[in-house]
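Protein chains in written order, with my numbering: chain A, 1 to 129; chain B, 1 to 229; chain C, 1 to 316.
These are computed hints drawn from the structure, not numbers from a lab.
Some hints could be false.
[What the hints assert, rightly or not] Among chain C residues calculated to face chain B with C-beta under 8 Å, some are:
hint: 1; residue: R87
hint: 2; residue: Y92
hint: 3; residue: E94
hint: 4; residue: W112
Every residue gets a Cβ at the ideal spot worked out from N, C-alpha and C, and that includes glycine.
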Amino acid sequence: MLDDSRPIFLQIAELIEGDIVAGALAEEAQAPSTNEFAAFYRINPATAAKGINKLVDEGILYKKRGIGMFVATGARTRLLERRREEFFHDFVQPLTREARRLGISVDALTDMINRSNSDPVLTERSAGR
Amino acid sequence: MNRAVSVARMQLINKWTFLGIPALIIAASFALTYAIWLMVPNNVETRYSGASQAVVWYFLALGIQSLTYTFPFSQAMSVSRRTFYIGTTGLFAVVALAVSLLYFVLGRIEVATNGWGLNGQLYFLGWAADSPAAVQIMFNFLVMLALYMTGFWFATVYKRWRATGMLVVWILIAVALVGLMALAGWQGWWPQIGAWFAAQTPLSVSGWTALFCAVLGVGSYLTLRRATP
Amino acid sequence: MNTPTQPPVIELNNVTKRYKDTKAVDGVTLRIDGGRIYGLLGRNGAGKTTLMSILTAQDPETSGDVKVFGQHPYENDAVLSRMCFIRESQKYPEDFSPAQAFKSAALFFRNWDQDFADRLAEEFALPLKRRIKKLSRGQLSAVGVIIGLAARAELTFFDEPYLGLDAVARQIFYDRLVEDYSLHPRTIILSSHLIDEVANLLEHVLLIDNGRIILDDDAENIRGSAATVTGEDSKVTDFTAGLPILHRERLGSLTSVTIEARLGTADRARAAELGLEIAPVSLQQLVVRKTMAAPAGGAGVDPRTATDPSELEVAP
Chain A
1 MLDDSRPIFL QIAELIEGDI VAGALAEEAQ APSTNEFAAF YRINPATAAK
51 GINKLVDEGI LYKKRGIGMF VATGARTRLL ERRREEFFHD FVQPLTREAR
101 RLGISVDALT DMINRSNSDP VLTERSAGR
Chain B
1 MNRAVSVARM QLINKWTFLG IPALIIAASF ALTYAIWLMV PNNVETRYSG
51 ASQAVVWYFL ALGIQSLTYT FPFSQAMSVS RRTFYIGTTG LFAVVALAVS
101 LLYFVLGRIE VATNGWGLNG QLYFLGWAAD SPAAVQIMFN FLVMLALYMT
151 GFWFATVYKR WRATGMLVVW ILIAVALVGL MALAGWQGWW PQIGAWFAAQ
201 TPLSVSGWTA LFCAVLGVGS YLTLRRATP
Chain C
1 MNTPTQPPVI ELNNVTKRYK DTKAVDGVTL RIDGGRIYGL LGRNGAGKTT
51 LMSILTAQDP ETSGDVKVFG QHPYENDAVL SRMCFIRESQ KYPEDFSPAQ
101 AFKSAALFFR NWDQDFADRL AEEFALPLKR RIKKLSRGQL SAVGVIIGLA
151 ARAELTFFDE PYLGLDAVAR QIFYDRLVED YSLHPRTIIL SSHLIDEVAN
201 LLEHVLLIDN GRIILDDDAE NIRGSAATVT GEDSKVTDFT AGLPILHRER
251 LGSLTSVTIE ARLGTADRAR AAELGLEIAP VSLQQLVVRK TMAAPAGGAG
301 VDPRTATDPS ELEVAP
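Only chain A is shown next, with the shape it has when bound in the complex:
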């Protein structure tokens, strides 16, 4: 789940963001504690805290003194907006690059995207995420 390419705290922050985007962690719901994250992912608690603090700084999570971390209202919308911006350069660019390398024309690529979109299994799976 965690890889070695980037700092773990960033990956932890992204995992939480992912849960919020997918709706697994609803707005105003309590997020797991630093220690729970550390124990679950078997990582250093300080690293987990750093990931959570990043989200606090960004206003995605907020702290209730003595109780814990909660998901901010509007967090999901803001994360979705950001993810959509990142989508182009994280997914579309590598896609077109690989297509070019394999000699897939833009039309053929569009066709593939349409086909993929109409595949019920894939559509459902992506909606469920």
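Dock chains B and C against the given chain A, drawing on the hints supplied.
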């Protein structure tokens, strides 16, 4: 100081080493000697037994054991060498003092009961009978301490310098003894030496033993200070 | 965590340990602020155990300045009583059982938690009444692990604590370590060569090789500080030009180069344009790459030939 007491308590976690085995040896040596006296027909003369020494020899082994077994462990318990030394030898001193007192009392009982009713002599120090009680007790105590410290020091030397150290020490001791004997023979000192030994009193013997213990005690401590677990 | 007025937990200045003509620790200067889990990594014989023995005064240094909690630890009960160091080959009194070893630890470690020790013993399925000399290697390691954890010493060393422990038992150790450290923060120095297993537990990494510290950095800084670039020979050479190279491998026209450099988004995009694959380098791989150029075995090796990180390009 608190930690030195903890070291002593650590040594007592297994009750056998410092308490159980000595008690067993003392009881068994008495029982065996008594049984032998019962079995062998009595004659009028006083019957001597060296069985009371058994526990003293165990203390030599205890000196070796209390270092080898527990010193590396005490290091893991974050105890300084000094604290380990004080706690361990301190505990032994208490045990040795208790046994010395016991032997003194047993010696008195022995005299009062006419050698346990069998004309035996096991605990009473005949040659020191004229000395004050304190000297008799101290003599036993110092002999026990001397044997314990000998074991402790040899174990420390082994711990620090391993087999090589052991070998060097034995060679040095042998050379020194042979050298002194040769010197005494060559210079014709034997008669004087004999006279010197004959002139010793229980008190002076105790003094020499105390000196011996002190040298071994300081030597053990200095050797231990640089020993590694 | 330390406030600035407190001395660092560990301060070493040019510390050397010499055994006959070998330097097991060679001029180490190091500062550990504490309140973290540190990884002390390196090959067998690199000097990990020696360094820990110096810090706990079990085997004092030959020269240099050692300070633990601001004082020299040798024969210093005030300092020693705040640390716990169970050796990999720790010796116990021959007639002791694990229960007796724990009873003893309770005498010396003021934060000792007997309940915790009991729980751990149960998890490791340790026979508490059996003589220690009759325990298996794994059970013996469990005794050390339990003392190290339940002692809750302010400065705790674990020296390859898992010898003979199977994967499940090791996982128990890691889980309990993280859990207990979260509840009772302290300074933990974990020496290990199963680096992949412990990498994520570490907050700071110290890499020792031939008695010298060759890497001293936060684990998060190290993550992503190296990468392996694979692709067509000329393109790889082109891409990695001017970057510090840790390792190079060739397979036909394919070249794989491990570089010690942080690649930004632009670099990655460029690599993608060139058709190069970029793979992350794990902490374990990085350690292997950084220590491989050094001659094997550490001990018995002339430390003067110890390799400077910049010379590591000529990997075998």
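Here is how each hint holds up against the structure:
1. R87: This hint holds: C:R87 lies near chain B, its Cβ roughly 7 Å from the closest one there, short of 8 Å.
2. Y92: holds, 5 Å
3. E94: Since the shortest Cβ distance to chain B is 6 Å, the answer is holds.
4. W112: Because about 11 Å separates C:W112 from the closest Cβ in chain B, which is outside the 8 Å limit, the hint is violated.
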